[in-house]
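Q: Modelling step: build the complete structure from the supplied sequences, incorporating the hints.
Here the protein sequences line up with chains A and B, keeping their order. Residue numbers for the first sequence follow this note's numbering, beginning at 975 and rising by one. Residue numbers for the second sequence follow this note's numbering, beginning at 19 and rising by one.
Worth double-checking, as some hints may not be accurate.
[What the hints assert, rightly or not] Which chain B residues face chain A? A few, computed with CB under 10 Å, are given here:
hint : residue
1    : H28
2    : K34
3    : T58
4    : H65
5    : A67
6    : P80
7    : A84
8    : V88
9    : G102
10   : V103
11   : D104
12   : L115
13   : I119
14   : T121
[Stated by the list, open to error] Cβ-Cβ distance ranges computed for the label pairs, FRET-style:
hint : chain 1 : residue 1 : chain 2 : residue 2 : range
15   : A       : P1276     : B       : R54       : 52 to 58 Å
16   : B       : A105      : A       : D1093     : 27 to 33 Å
17   : A       : E1261     : B       : R21       : 50 to 56 Å
18   : B       : E25       : A       : S1334     : 34 to 40 Å
19   : A       : A1360     : B       : E90       : 24 to 30 Å
[Claimed, not checked] In silico PhoX-like pairs for lysine-lysine, Cα to Cα no more than 20 Å straight-line:
hint : chain 1 : residue 1 : chain 2 : residue 2
20   : A       : K1192     : B       : K108
21   : B       : K108      : A       : K1193
22   : B       : K20       : B       : K63
23   : B       : K63       : B       : K75
24   : B       : K20       : B       : K71
25   : B       : K108      : B       : K63
26   : B       : K22       : A       : K1193
27   : A       : K1282     : B       : K34
28   : A       : K1407     : A       : K1282
29   : B       : K34       : A       : K1100
30   : B       : K22       : A       : K1192
31   : B       : K34       : B       : K63
32   : A       : K1024     : A       : K1048
33   : A       : K1100     : A       : K1388
34   : B       : K20       : B       : K75
35   : B       : K63       : B       : K22
36   : A       : K1003     : A       : K1075
37   : B       : K34       : B       : K71
Because the hints were derived from the structure by calculation, they are not lab data. All C-beta atoms in this analysis are idealised placements derived from N, C-alpha and C, irrespective of residue type, glycine included.
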Amino acid sequence: MADTVRIGCGAGFQGDRLEPALVLAEHGKLDYLMLECLGERTVALAQLRKLHEPNHGYDSLLDRRMTGLLPLIKRNGVRVVTNMGAANPLAGAAAIVALAKTLGLKVRVAALTGDDVLDLLEPSQKVLETGESLSSVGSLFSANAYLGVEAMLPALESGADIILTGRVADPSLALAPLAHRFGWALDDQDRFARGTVVGHLLECAGQLTGGYFADPGKKDVAGMANLGFPFADVDADGNAQLSKVAGTGGTINRMTATEQLLYEVTDPFAYLTPDITADFSAVEIAETAPDTISVTGARGKPRPATLKVSVGYHAGYIGEGEISYGGENCVARAQLGGEIVAERLRGQFQELRVDILGLSSLHTRPMSGGDFSPYEVRLRVAGRSADREMAARIGEEVEALYTNGPAGGGGARKSTQEQIGIVSCLIARETVKPQVTVFET
Amino acid sequence: MKRKLYELAHARAGDKGNTTILSLIAYRAEDFPLLRERVTPEAVKRHFAGIIKGEVKRHELPHLGALQFVGEDALGGGVTTSLGVDAHGKSLSSALLEMEIETD
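A: As structure tokens, then:
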């Protein structure tokens, strides 16, 4: 291809593996490396951390990822675009600069802020999922608007080595460098749609190269332990070839790409981001070489008038307990254990969920029908409470089944966790004021 | 003859709030018309009785050999507050592939 930009994706979720990004930065001949590390809950949890520690609230793996990456991106001239700024891109940028100094490297980091819109929301605003008002949801503590390319462009124009954002739409992490490099106008709808498809295919990293795909004997994928992450070569019209670094594990083909193209897309004819309404229905995916596909044909319609906001609220505590039973009649003993716990906790929880792992916890029943008799099962009981100690009682009662329950119960475990709920609402674009701040060694 | 979707298609599950999004993709292009005819939104709603409690909508993508199902009220109140083991419903793709259709 003539003038192309190469973008790799080195992380597809907050806790993703560290090595594939290093392989991409070292051997991928990249122009840009995107790292998508910010889920809806992740940004809310980061906001909670920032409340307690004002100098934190950026991605907890930022230091570890950057320690390995900084020398490589500086040596190979790769620019990083990442949402690892989470709830505090300014503090994250300062942390990267401090890290670069200890490594003896010069670095420029552009931090994008303005996605935190908690103070701009009205209690009467409607929740998208339920139609009720925000004020009825509970105790809100975070609200982050999905920013897009328009907000990110000044950060790219600053010449920074690293563009560190908070909440931006995941595909924008790829689309922004493309729009910057090729000078695409914000209303260049078809090119924006194609760039969005590239970003959407890349954003979950290993999910394009055989992760969340492999099924032994049916959909075999070689070298899963060394699963390589993908990169895209994109031309000035947004047409792309996607592949991965030679020698890494995994596979990229029409099947993996079709699954990922449609992943989490509620309307393939109108995929909404801050940048575009993208129509995926005419996308063509073709295998052009081993582990290489071409992707063309997305079409664009005008971007939505509003921005989506992800709102975090306190949802109490979830308490859980588990215990295993095996051998003859194990399902009946697990069921008896569940009934005993439910009776001991009667009336104390709004909802108590009793699952038999190995039989019915995922799909309520074996979906293929007929008799199904596992050799061993695990009882799980879960419930929610506004009070942590109350939630903890569930695990305590399950553990008590050792000496107060059915025969042969083993391996009891219990846990109590704070629950963060997420709902969405919309906000007018013009009320959101993105800002770029540059940090340098 | 009845056949499991597992033989004819592959699938991936995604989530948005309390909504599950299930992609069903034919291994062979020539099987797509059969999937389109037999794996109707009504059939999927029946198959997922007790799991998908709301509406099932279907998008047809013949170009990709794919059907996209969007099931409302399917994730125990929502990914972030579900009491279920698989709050995201990631495993629901496998549940879809357990469905049987008549293939004549």
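Q: Evaluate each hint against the coordinates.
A: Each hint tested on the structure:
The restraint placing B/H28 at the interface with chain A holds, with a minimum CB-CB distance near 6 Å, inside the 10 Å limit. The closest approach between the C-beta of B/K34 and any C-beta of chain A is roughly 6 Å, which is under the 10 Å cut-off, so the hint is satisfied. For B/T58, the interface hint is violated, since its Cβ never comes within 10 Å of a Cβ in chain A; the closest pair sits about 17 Å apart. For B/H65, the interface hint holds, since its Cβ comes within 10 Å of a Cβ in chain A; the closest pair sits about 7 Å apart.
Of the supplied interface hints, the one on B/A67 holds, with its beta-carbon coming within about 9 Å of a beta-carbon of chain A, less than 10 Å. Annotation: interface hint on B/P80 holds; nearest CB of chain A at approximately 9 Å, less than 10 Å. At about 6 Å, the closest approach between the beta carbon of B/A84 and any beta carbon in chain A falls short of 10 Å, and the interface hint on this residue holds. Look at B/V88: its Cβ gets to within about 5 Å of chain A, closer than 10 Å, so that hint holds up.
Interface hint at B/G102: satisfied, since its Cβ lies 7 Å from the closest Cβ of chain A, which is below the 10 Å cut-off. Look at B/V103: its Cβ gets to within about 5 Å of chain A, closer than 10 Å, so that hint holds up. The beta carbon of B/D104 is positioned within 10 Å of a beta carbon in chain A (closest approach about 5 Å), and the interface hint is therefore held. Checking B/L115 against chain A: minimum C-beta separation of about 9 Å stays under 10 Å; hint holds.
Interface restraint check: B/I119 against chain A, minimum CB-CB distance 13 Å, threshold 10 Å, status violated. The beta carbon of B/T121 is not positioned within 10 Å of any beta carbon in chain A (closest approach about 17 Å), and the interface hint is therefore violated. Against the hinted window of 52 to 58 Å, the Cβ-Cβ separation of A/P1276 and B/R54 comes to about 31 Å, which falls outside the hint. One distance hint, 27 to 33 Å for the beta-carbon pair B/A105 and A/D1093, holds here, with the actual separation near 30 Å.
For A/E1261 and B/R21, the hinted distance range of 50 to 56 Å is not satisfied, since their beta carbons lie about 27 Å from each other. Distance hint for B/E25 and A/S1334: a CB-CB separation of about 24 Å, inconsistent with the stated range 34 to 40 Å. The supplied range of 24 to 30 Å is met by A/A1360 and B/E90, whose beta-carbon atoms lie about 27 Å from each other. For the hint pairing A/K1192 with B/K108, the CA-to-CA distance comes to about 19 Å; that is within 20 Å, so the pair holds.
Taken as a hint, the B/K108 and A/K1193 pair is honoured in the structure, with Cα atoms around 17 Å apart against an allowance of 20 Å. Simply put, B/K20 and B/K63 have alpha-carbon atoms about 19 Å apart, close enough for the 20 Å limit, and the pair holds. Distance hint between B/K63 and B/K75 is fulfilled; the C-alpha atoms sit about 9 Å from each other, no more than 20 Å. Note on B/K20 and B/K71: the hinted pairing is violated, with a Cα-Cα distance of about 26 Å set against a maximum of 20 Å.
In summary, the hint linking B/K108 to B/K63 is supported, as the alpha carbons are separated by about 18 Å, within the 20 Å threshold. At most 20 Å may separate the alpha-carbon atoms for a hinted pair to count; B/K22 and A/K1193 meet this at roughly 16 Å. Simply put, A/K1282 and B/K34 have alpha-carbon atoms about 13 Å apart, close enough for the 20 Å limit, and the pair holds. Distance restraint check for A/K1407 and A/K1282: the Cα-Cα separation of roughly 14 Å lies within the 20 Å cut-off, and the hinted pair is therefore satisfied.
Taking the CA atoms of B/K34 and A/K1100, the gap is near 17 Å; set against the 20 Å cutoff, the hint holds. A threshold of 20 Å between alpha carbons decides the hint, and for B/K22 with A/K1192 the separation of about 14 Å falls inside it, so the pair holds. Restraint check for B/K34 and B/K63: the C-alpha separation of about 18 Å stays at or below 20 Å, so the hint holds. Restraint check for A/K1024 and A/K1048: not satisfied, since their Cα atoms lie roughly 30 Å apart, outside the 20 Å limit.
At most 20 Å may separate the alpha-carbon atoms for a hinted pair to count; A/K1100 and A/K1388 exceed this at roughly 37 Å. Of the pairs offered as hints, the one joining B/K20 and B/K75 is violated, with about 24 Å between alpha carbons and a cut-off of 20 Å exceeded. For the proposed pair B/K63 and B/K22, the alpha carbon gap of about 16 Å is at most 20 Å, so the pair holds. With a CA separation close to 25 Å, the supplied pair A/K1003 and A/K1075 exceeds the 20 Å bound.
A C-alpha spacing of about 15 Å is found between B/K34 and B/K71, which places the hinted pair at or below 20 Å, so the restraint holds.
Hint violations for this structure: numbers 3, 13, 14, 15, 17, 18, 24, 32, 33, 34, 36, all remaining hints satisfied.
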